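J.: So the chains spell out like this:
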Amino acid sequence: MSVKNKIFLVLLLFIPVSLAAHYLEWGELAVFVTAGLAILPLAAWMGAATEEIAVVVGPVLGGLLNATFGNATELIIALVALNAGLIDIVKASITGSIIGNLLLVMGLAMLLGGLRYKEQKFQPIVARVNAASMNLAVIAILLPTAMNYTSQGISEQTLQNFSFAVAIVLIVVYVLTLLFSMKTHSYLYELGIAEAETETDALEATHGKPNMWLWTGVLLVCTLFVAIESELLVDSLEVATSQLGLTALFTGVILVPIIGNAAEHATAVTVAMKDKMDLSLSVAVGSSMQIALFVAPVLVIAGKFLGQPMDLDFKPFELVAVTVSVLIANTISSDGRSNWLEGTLLLAAYTVLGFAFFFHPVPAII
Amino acid sequence: MSVKNKIFLVLLLFIPVSLAAHYLEWGELAVFVTAGLAILPLAAWMGAATEEIAVVVGPVLGGLLNATFGNATELIIALVALNAGLIDIVKASITGSIIGNLLLVMGLAMLLGGLRYKEQKFQPIVARVNAASMNLAVIAILLPTAMNYTSQGISEQTLQNFSFAVAIVLIVVYVLTLLFSMKTHSYLYELGIAEAETETDALEATHGKPNMWLWTGVLLVCTLFVAIESELLVDSLEVATSQLGLTALFTGVILVPIIGNAAEHATAVTVAMKDKMDLSLSVAVGSSMQIALFVAPVLVIAGKFLGQPMDLDFKPFELVAVTVSVLIANTISSDGRSNWLEGTLLLAAYTVLGFAFFFHPVPAII
Amino acid sequence: MSVKNKIFLVLLLFIPVSLAAHYLEWGELAVFVTAGLAILPLAAWMGAATEEIAVVVGPVLGGLLNATFGNATELIIALVALNAGLIDIVKASITGSIIGNLLLVMGLAMLLGGLRYKEQKFQPIVARVNAASMNLAVIAILLPTAMNYTSQGISEQTLQNFSFAVAIVLIVVYVLTLLFSMKTHSYLYELGIAEAETETDALEATHGKPNMWLWTGVLLVCTLFVAIESELLVDSLEVATSQLGLTALFTGVILVPIIGNAAEHATAVTVAMKDKMDLSLSVAVGSSMQIALFVAPVLVIAGKFLGQPMDLDFKPFELVAVTVSVLIANTISSDGRSNWLEGTLLLAAYTVLGFAFFFHPVPAII
Numbered sequence: 078m079s080v081k082n083k084i085f086l087v088l089l090l091f092i093p094v095s096l097a098a099h100y101l102e103w104g105e106l107a108v109f110v111t112a113g114l115a116i117l118p119l120a121a122w123m124g125a126a127t128e129e130i131a132v133v134v135g136p137v138l139g140g141l142l143n144a145t146f147g148n149a150t151e152l153i154i155a156l157v158a159l160n161a162g163l164i165d166i167v168k169a170s171i172t173g174s175i176i177g178n179l180l181l182v183m184g185l186a187m188l189l190g191g192l193r194y195k196e197q198k199f200q201p202i203v204a205r206v207n208a209a210s211m212n213l214a215v216i217a218i219l220l221p222t223a224m225n226y227t228s229q230g231i232s233e234q235t236l237q238n239f240s241f242a243v244a245i246v247l248i249v250v251y252v253l254t255l256l257f258s259m260k261t262h263s264y265l266y267e268l269g270i271a272e273a274e275t276e277t278d279a280l281e282a283t284h285g286k287p288n289m290w291l292w293t294g295v296l297l298v299c300t301l302f303v304a305i306e307s308e309l310l311v312d313s314l315e316v317a318t319s320q321l322g323l324t325a326l327f328t329g330v331i332l333v334p335i336i337g338n339a340a341e342h343a344t345a346v347t348v349a350m351k352d353k354m355d356l357s358l359s360v361a362v363g364s365s366m367q368i369a370l371f372v373a374p375v376l377v378i379a380g381k382f383l384g385q386p387m388d389l390d391f392k393p394f395e396l397v398a399v400t401v402s403v404l405i406a407n408t409i410s411s412d413g414r415s416n417w418l419e420g421t422l423l424l425a426a427y428t429v430l431g432f433a434f435f436f437h438p439v440p441a442i443i
Numbered sequence: 078m079s080v081k082n083k084i085f086l087v088l089l090l091f092i093p094v095s096l097a098a099h100y101l102e103w104g105e106l107a108v109f110v111t112a113g114l115a116i117l118p119l120a121a122w123m124g125a126a127t128e129e130i131a132v133v134v135g136p137v138l139g140g141l142l143n144a145t146f147g148n149a150t151e152l153i154i155a156l157v158a159l160n161a162g163l164i165d166i167v168k169a170s171i172t173g174s175i176i177g178n179l180l181l182v183m184g185l186a187m188l189l190g191g192l193r194y195k196e197q198k199f200q201p202i203v204a205r206v207n208a209a210s211m212n213l214a215v216i217a218i219l220l221p222t223a224m225n226y227t228s229q230g231i232s233e234q235t236l237q238n239f240s241f242a243v244a245i246v247l248i249v250v251y252v253l254t255l256l257f258s259m260k261t262h263s264y265l266y267e268l269g270i271a272e273a274e275t276e277t278d279a280l281e282a283t284h285g286k287p288n289m290w291l292w293t294g295v296l297l298v299c300t301l302f303v304a305i306e307s308e309l310l311v312d313s314l315e316v317a318t319s320q321l322g323l324t325a326l327f328t329g330v331i332l333v334p335i336i337g338n339a340a341e342h343a344t345a346v347t348v349a350m351k352d353k354m355d356l357s358l359s360v361a362v363g364s365s366m367q368i369a370l371f372v373a374p375v376l377v378i379a380g381k382f383l384g385q386p387m388d389l390d391f392k393p394f395e396l397v398a399v400t401v402s403v404l405i406a407n408t409i410s411s412d413g414r415s416n417w418l419e420g421t422l423l424l425a426a427y428t429v430l431g432f433a434f435f436f437h438p439v440p441a442i443i
Numbered sequence: 078m079s080v081k082n083k084i085f086l087v088l089l090l091f092i093p094v095s096l097a098a099h100y101l102e103w104g105e106l107a108v109f110v111t112a113g114l115a116i117l118p119l120a121a122w123m124g125a126a127t128e129e130i131a132v133v134v135g136p137v138l139g140g141l142l143n144a145t146f147g148n149a150t151e152l153i154i155a156l157v158a159l160n161a162g163l164i165d166i167v168k169a170s171i172t173g174s175i176i177g178n179l180l181l182v183m184g185l186a187m188l189l190g191g192l193r194y195k196e197q198k199f200q201p202i203v204a205r206v207n208a209a210s211m212n213l214a215v216i217a218i219l220l221p222t223a224m225n226y227t228s229q230g231i232s233e234q235t236l237q238n239f240s241f242a243v244a245i246v247l248i249v250v251y252v253l254t255l256l257f258s259m260k261t262h263s264y265l266y267e268l269g270i271a272e273a274e275t276e277t278d279a280l281e282a283t284h285g286k287p288n289m290w291l292w293t294g295v296l297l298v299c300t301l302f303v304a305i306e307s308e309l310l311v312d313s314l315e316v317a318t319s320q321l322g323l324t325a326l327f328t329g330v331i332l333v334p335i336i337g338n339a340a341e342h343a344t345a346v347t348v349a350m351k352d353k354m355d356l357s358l359s360v361a362v363g364s365s366m367q368i369a370l371f372v373a374p375v376l377v378i379a380g381k382f383l384g385q386p387m388d389l390d391f392k393p394f395e396l397v398a399v400t401v402s403v404l405i406a407n408t409i410s411s412d413g414r415s416n417w418l419e420g421t422l423l424l425a426a427y428t429v430l431g432f433a434f435f436f437h438p439v440p441a442i443i
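Protein chains in written order, with the working numbering: chain U, 78 to 443; chain L, 78 to 443; chain D, 78 to 443.
Do not rely on the hints blindly, as some may be mistaken.
Since the list gives no way to pick one copy over another, a pair counts as held whenever it fits inside one copy or between any two copies.
Unchecked claim - In the DMTMM-like style, the derived pairs of lysine to aspartate or glutamate whose C-alpha atoms are separated by at most 20 Å in a straight line are: (1) 198 with 352; (2) 260 with 105; (3) 260 with 412; (4) 260 with 308; (5) 195 with 412; (6) 83 with 105; (7) 195 with 165.
These are calculated hints, taken from the structure and not from any lab test.
On a predicted model such as this, the values are computed, not experimentally measured, just so you know.
Work out the full structure: start from the sequences and follow the hints.
T.: Listed below in structure tokens is the structure:
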């Protein structure tokens with residue numbers, strides 16, 4: 078059993094601990110920390126189970142499954158928070174996930190990969206198609222903010238209608254992106270797929286053909302526990318973070334996405350250190366893309382049904398932060414090469430933005 | 078006679094119909110719709126006549142002619158609207174033309190071309206020179222807006238002086254761009270020219286060497302009728318669009334440019350479907366470039382002489398929309414390849430911006 | 078003796094003249110102009126001395142020396158102005174130096190080089206690494222402005238703390254950039270170094286191996302006089318420029334950087350005319366990068382010790398101007414080729430921004 082799995086088994090103990098913390102009233106901070114730790118192995122196993130099932134059911138259904146469950150942890154936490162009315166935290170976690178994937182995950186992958194290899198290459202064509210889709214998605218989810226910020230007298234209802242229209246367009250684009258990558262232009266992605274298959278083969282070599290029903294069970298159980306733990310996390314979030322002296326904005330933009338994206342972080346960095354940068358970047362960029370093209374619109378539509386006024390009107394500074402992240406990630410990834418300095422630049426950008434959200438005054442934001 | 082020409086002949090009937098609608102007072106909406114339809118064949122024939130004359134007079138004079146009359150329809154509509162004092166609609170139609178050419182025309186060309194060919198290639202060098210010129214132009218025409226938006230206490234007179242200075246710089250740059258593409262670096266554009274000549278040869282094969290005087294006559298008659306029809310269009314515009322429940326902003330940004338650019342739309346899409354992407358993109362990007370480098374500054378200078386306070390201070394959201402369009406068009410065109418998904422992304426961006434202008438509240442804008 | 082050196086010797090006469098102007102009270106305008114002229118040869122000789130010493134002490138120490146003294150003139154003028162409490166002018170000269178290097182210096186180099194050579198090529202990889210570092214630096218120094226502009230209720234103290242944190246990150250990134258270019262990936266820069274060495278060889282051929290102690294003496298004397306002349310320049314600046322009818326903003330953004338960067342201008346243009354574009358661009362982009370990664374953070378930290386409330390909260394329009402300059406410089410330099418039109422576009426952008434700062438109203442800014 079790998080070191081990673083041993084750590085996960087230990088972290089699993091935090092499921093009962095977090096439940097105990099909640100029912101025995103050990104305090105909100107204890108609940109928040111233990112629930113956060115308990116989610117980490119669950120998210121990792123959900124990811125692993127999705128990939129195992131994807132191998133069995135074939136590329137098309139598997140691709141769909143990956144596309145839907147790839148960000149399941151974020152989506153579940155966000156839905157629970159949305160239902161609890163923590164709309165600002167939900168929105169902040171959307172922008173935070175995009176920023177985190179582009180700067181923190183991609184930066185760590187390029188830095189740690191670059192420390193081992195002088196120069197790493199990846200397919201610039203796929204990088205550009207992904208960048209173009211992501212640019213569109215990011216522009217689209219930020220347009221309501223830009224509209225509200227640059228004009229006066231826009232009613233909340235108009236913003237919600239506009240956000241809903243944008244959400245529909247984004248989901249249509251998401252479906253078309255899947256069609257492009259899995260059907261009409263799948264050959265462009267072959268190298269990435271080949272790398273992923275090598276990973277899968279290595280997996281199979283160690284434990285044989287995956288058992289689909291076992292993994293479906295794992296997926297369901299993990300999903301159930303993530304829901305439960307997300308409730309604990311969300312319920313304790315406000316009190317716990319204010320005890321730590323953190324604002325809700327900082328929590329939403331920095332802390333929640335790190336918990337929700339931990340699995341992607343691990344995968345992207347691990348494969349980058351094996352010089353498989355195509356796979357590494359497709360995890361990082363693909364995850365941001367899914368957030369913008371799938372998770373964000375689903376939340377807008379869910380908000381309508383949950384009776385929560387969820388729209389795409391972010392704080393203006395979130396707009397600045399996301400724009401900046403996309404610009405710097407584009408500049409760095411567009412040439413199909415990476416080195417440790419480029420990784421460092423991404424991490425430096427993340428650090429500076431982290432400072433910005435840390436110093437951001439509370440009352441003007443939440 | 079091609080199907081296109083048959084349609085044009087039928088549309089020509091709308092010239093007398095629109096005049097009848099005007100003088101017999103059938104209502105502003107009828108005048109608006111019929112005048113809009115009547116302009117379509119006139120614009121197409123003006124374009125055809127300009128190209129025919131250009132073939133006869135040689136590349137240099139022909140290039141100049143194309144450069145001046147290429148956006149004649151937009152220019153005439155805008156001058157008529159400017160003279161009528163509809164300054165906000167004139168400004169909106171400038172941004173709308175840029176957005177429309179970059180997203181709608183380029184998007185349709187890439188989508189419809191991409192449905193027929195898996196991957197289409199074009200010269201990235203020309204694309205980059207064009208992109209750089211266009212970036213400068215767009216930045217320049219948006220600077221007065223940015224200055225006004227980010228600072229307080231800027232007088233209307235200062236904005237007009239600044240806009241006038243910007244207009245002079247832009248026209249100088251436009252002349253230098255022509256010098257570059259027709260004289261010092263014409264070899265870069267040879268592929269595009271070769272494609273255009275094939276088109277012209279095909280034309281000549283069907284009807285022989287063009288008769289210059291005939292086409293000059295066509296050009297003059299069409300120009301005259303476009304002026305007349307533009308008057309009808311502009312006079313009926315405000316009442317008609319408010320009857321349709323549309324704001325003046327939406328009309329200026331979305332409707333007017335579609336009418337004015339219909340000829341470019343048809344050309345760009347037709348040649349894209351013949352896999353001549355260089356020509357297709359040069360029509361789309363070249364047309365935006367002409368709007369920003371030639372039409373917009375001419376309107377500012379004309380405003381000074383017509384006594385209309387025309388400046389380059391757009392609505393802040395127009396600035397956002399144009400910036401976003403340029404960014405996404407740059408990302409997509411900079412690699413010299415296109416496919417149907419990239420076309421779809423451009424159209425999706427156009428759709429989302431269309432929603433934004435549709436939902437934009439009226440009083441804050443006009 | 079070259080024409081350049083003859084001009085410098087004549088300009089040197091302005092050192093005593095400026096001192097006379099100051100002590101004999103010939104008026105602030107006379108002091109300002111003569112001090113400005115006196116700084117030009119001093120800055121040039123400081124640059125020359127730094128390079129001569131760098132040749133003797135070897136690449137690593139030499140690189141560090143160049144990195145520290147490369148923008149010594151700007152740094153000295155800025156420190157003197159900071160100490161005199163002219164914080165707005167210091168900030169304006171930071172943005173002005175970045176804009177001037179990217180648009181004016183690079184533009185002149187591409188234009189004059191392009192008039193002699195049809196197309197000039199340079200290493201796109203180095204251009205991209207530089208562009209990425211510079212993007213990060215520019216984004217980082219502008220984030221406090223963006224934060225302040227998009228949110229209410231941010232205290233001056235918060236802005237200073239945030240600016241200080243950003244300054245520390247930037248200096249760390251600067252050190253890592255040096256490590257990258259001089260140690261781990263120095264081979265990427267070999268072409269540029271080879272060109273620089275040819276320059277140096279040509280220099281040595283004319284006057285033999287440089288005498289290190291002589292040049293160290295030159296460096297110290299020049300530094301001393303630049304300090305003195307900077308005092309005169311800064312003291313006379315406010316009265317002199319208001320006599321010329323110029324605002325402090327225009328002076329800081331346009332005039333001061335032209336004086337401080339005159340040496341870079343001369344070098345970049347001279348080598349561009351010898352078709353050594355790698356060296357030319359690395360001077361222009363490298364100088365902007367040093368301003369953003371080294372000079373700006375040093376000034377923030379110095380402000381803390383001098384008791385001057387120096388932060389990175391620029392005027393919003395400066396943010397627009399720098400963003401625009403970076404975007405257009407990126408577009409033009411990313412393809413590794415240049416021609417006269419691209420140089421013209423950069424100069425046109427500089428002209429338009431110059432107009433913008435000229436027309437900028439006074440009271441709202443200073």
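J.: Now tell me if each hint is right for this structure.
T.: Structure-based check of all given hints:
1. With identical chains, the CA atoms of residue 198 and residue 352 are at most 20 Å apart within one copy only, with a shortest distance of 8 Å there and 30 Å across copies.
2. In this homomeric assembly, residue 260 and residue 105 never come within 20 Å of each other (Cα to Cα): the closest approach is 48 Å inside a single copy and 49 Å across copies.
3. For the homomeric pair residue 260 and residue 412, neither the shortest alpha-carbon distance inside one copy (26 Å) nor that between copies (22 Å) is at most 20 Å.
4. Taking the closest pair of Cα atoms, residue 260 and residue 308 never come within 20 Å of each other, the shortest separation being 38 Å inside a single copy and 50 Å across copies.
5. In the homo-oligomer, the alpha carbons of residue 195 and residue 412 lie at most 20 Å apart inside one protomer (16 Å), although the nearest pairing across protomers, at 23 Å, exceeds that limit.
6. Taking identical chains as interchangeable, the C-alpha atoms of residue 83 and residue 105 are never at most 20 Å apart, the minima being 28 Å within one chain and 75 Å between chains.
7. Taking CA atoms no more than 20 Å apart as the test, residue 195 paired with residue 165 passes in neither setting, with 42 Å inside one copy and 43 Å between copies.
When held up to the earlier numbered hints, the structure conflicts with 2, 3, 4, 6 and 7 and fits the remainder.
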